[in-house]
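Novice: Using the sequences and the hints given, assemble the complete structure.
So you can see what is in the structure, the chains are spelled out below.
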Amino acid sequence: MPEPMLLPLQRTLAALVLEPEGEATAFEGLAPGHRRALDRWRERLGTYRELARLSLVEPLEDMFPVLRALLETEGAWEGAVDAFLGARCLSSPHYRDIAPTFLGWLVESRWGQDRWPFLAELAHFELLEAVVARLPDQEPPPVDGREPLRAARIVLDPTAQVIAYAHAVHRAQVDAPAPPRETTCLLAFRDAEGEARILELTEATAALLVQAQAGTLGEVVDRLGIPDFPAVETLLRDLVDRGAIAGFALPA
Amino acid sequence: MGRGGFSGVGVGLRRSHLERVAALPGHGVPFWETCPENVIGEGGRNHRLARAVLERDAVLTHGLSLSVGGFDAWDEDYLGGLRAFLLETGTPWHSEHLCFTSVDGSSLHELLPLPFTREAVAHTVARVKELQARLPVPLILENITYYAELGQGEMDEAAFITEVLEGADSGWLLDINNVYVNALNFGFDPREWLARMPLDRVVQMHIAGHRTFGDLTLDTHGAEVADPVIELMQWALARLGRPVPVLLERDNHIPDLEVLLAERGRIQEAYDAVLAVPGRARA
Chain A
1 MPEPMLLPLQ
11 RTLAALVLEP
21 EGEATAFEGL
31 APGHRRALDR
41 WRERLGTYRE
51 LARLSLVEPL
61 EDMFPVLRAL
71 LETEGAWEGA
81 VDAFLGARCL
91 SSPHYRDIAP
101 TFLGWLVESR
111 WGQDRWPFLA
121 ELAHFELLEA
131 VVARLPDQEP
141 PPVDGREPLR
151 AARIVLDPTA
161 QVIAYAHAVH
171 RAQVDAPAPP
181 RETTCLLAFR
191 DAEGEARILE
201 LTEATAALLV
211 QAQAGTLGEV
221 VDRLGIPDFP
231 AVETLLRDLV
241 DRGAIAGFAL
251 PA
Chain B
1001 MGRGGFSGVG
1011 VGLRRSHLER
1021 VAALPGHGVP
1031 FWETCPENVI
1041 GEGGRNHRLA
1051 RAVLERDAVL
1061 THGLSLSVGG
1071 FDAWDEDYLG
1081 GLRAFLLETG
1091 TPWHSEHLCF
1101 TSVDGSSLHE
1111 LLPLPFTREA
1121 VAHTVARVKE
1131 LQARLPVPLI
1141 LENITYYAEL
1151 GQGEMDEAAF
1161 ITEVLEGADS
1171 GWLLDINNVY
1181 VNALNFGFDP
1191 REWLARMPLD
1201 RVVQMHIAGH
1211 RTFGDLTLDT
1221 HGAEVADPVI
1231 ELMQWALARL
1241 GRPVPVLLER
1251 DNHIPDLEVL
1261 LAERGRIQEA
1271 YDAVLAVPGR
1281 ARA
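Taken in order, these protein sequences are the chains called A and B.
Be aware that the first sequence starts at 1, since it is given in the numbering used here, and climbs by one per residue.
Be aware that the second sequence starts at 1001, since it is given in the numbering used here, and climbs by one per residue.
Don't read these hints as lab results, they were simulated from the structure.
Every residue, glycine too, gets a C-beta built ideally from N, C-alpha and C.
Treat the hints loosely; a few may be bogus.
[As the list claims (entries may be wrong)] Here are the in silico distance ranges between beta carbons for each label pair:
id, chain 1, residue 1, chain 2, residue 2, range
1, A, 219, B, 1136, 50 to 56 Å
2, B, 1227, A, 47, 21 to 27 Å
3, B, 1215, A, 193, 45 to 51 Å
4, B, 1259, A, 7, 40 to 46 Å
[To be verified] Here are some, though not all, of the chain A residues that point toward chain B, as calculated from beta-carbon distances under 7 Å:
id, residue
5, 7
6, 10
7, 11
8, 93
9, 195
Specialist: Right, here's the structure in full:
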């Protein structure tokens, strides 16, 4: 019975694709016949490395154009990609999960964030619209009405997210990719047509949207010192119309 | 008609065409092929459009990531979603690639070749049988393009594919372009290669474009189907003598829907031409 070699051969090809120095993969641990066969195909195995890395990097380039521009300017993009692929954290069978996995790796590894403290926030923002656009559809949550009464709580649409960044990542662009330090609040949601939308919020509005999901509008408006309730009503009605707020719930 | 009522030339359903296809019930495409990984667990506008098309039209499903020849445990979430999706679409079979795509929990998102060894045959047959027992429709396997042999083979590719198909008693998704590209890259005659194969197992065919870079031809799915590939499809259909469904794949440099439909029409004409001649269908 020959020694099982299928898994070692698969691991060899995976290392060739994923490891930063994959081109130099030595075929150690394999039977001499397999080593010789792989040596014979070394150039074409290099093609596998190129093709596989291309298909893994493409979704990153598509999803993170600003982050890529920043790191390319600093000569660090390839290093980021190498470190990400070498971390071997891509486990999902879904191609769409490559970019979110990169964000998760950035947050966990803190790669590059001593130098660029906004990196994970920038990646999160660049991913936000695409993720909200394809969140699984859910049944609308139960509400008591669409009118923002003082005694009611806000019920956000299941796709809506209130996000606060320490940097103005929404203003970063390919030709000016480093965002300034500035508290930034955004509301991301999907409209009635199913399209993703992102609105910039004041800090007070963001606080209202977060806190009035747990407490009543009246309590939260008083706590935040917002004097103009009619203006709050107008804002909330607009967000209902846009699809960010599902409605309002009254105490049981 | 082919098995499951599917015949003619279908098209891969692409995201950029969803809006137009959903609004175009008289598109003339006999069936679409969709990749479950692109639909399961999604929501939003594109998802709604895709669902509307899949509910209205005939569909075959084609997966990318089961890693049939790999060692990783099945992704139970994915398998659960896949089972439900296959039942929802009413597909008569589900196709996957005869390859591996993940190792030690890392998804490589690339169709990587298995070594042509008895160990790989036995391992893959066992895995395919497991999947066949867990999916609600038959699993059929597609021959892939490969650019290098993974280690020292104990047989050639034709024998490897045949042994897996027969060992697992599986149907074959014959990718004509992959045969043609492999023939170019490894210097063999694709007709002689096909003549050795168990063509009675062919359930469906794929056809696509390729591109040559220097001395290597890549299966890009990013160009029109070359005439010799269409001729090889006709040769295979004639040899089969039955109208298995053929799917036009286009995954890169995706043209406007009208351009793709015109190409589909060209391939459909070639398909009809060979199957309309009874003598030729038995050549």
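Novice: For each hint, tell me whether it holds in the structure or not.
Specialist: Each hint, compared with the structure:
no., hint, verdict
1, 219/A <-> 1136/B: 50 to 56 Å, "52 Å, holds"
2, 1227/B <-> 47/A: 21 to 27 Å, "26 Å, holds"
3, 1215/B <-> 193/A: 45 to 51 Å, "50 Å, holds"
4, 1259/B <-> 7/A: 40 to 46 Å, "44 Å, holds"
5, 7, "5 Å, holds"
6, 10, "5 Å, holds"
7, 11, "6 Å, holds"
8, 93, "4 Å, holds"
9, 195, "6 Å, holds"
The earlier numbered hints are all upheld by this structure, with none contradicted.
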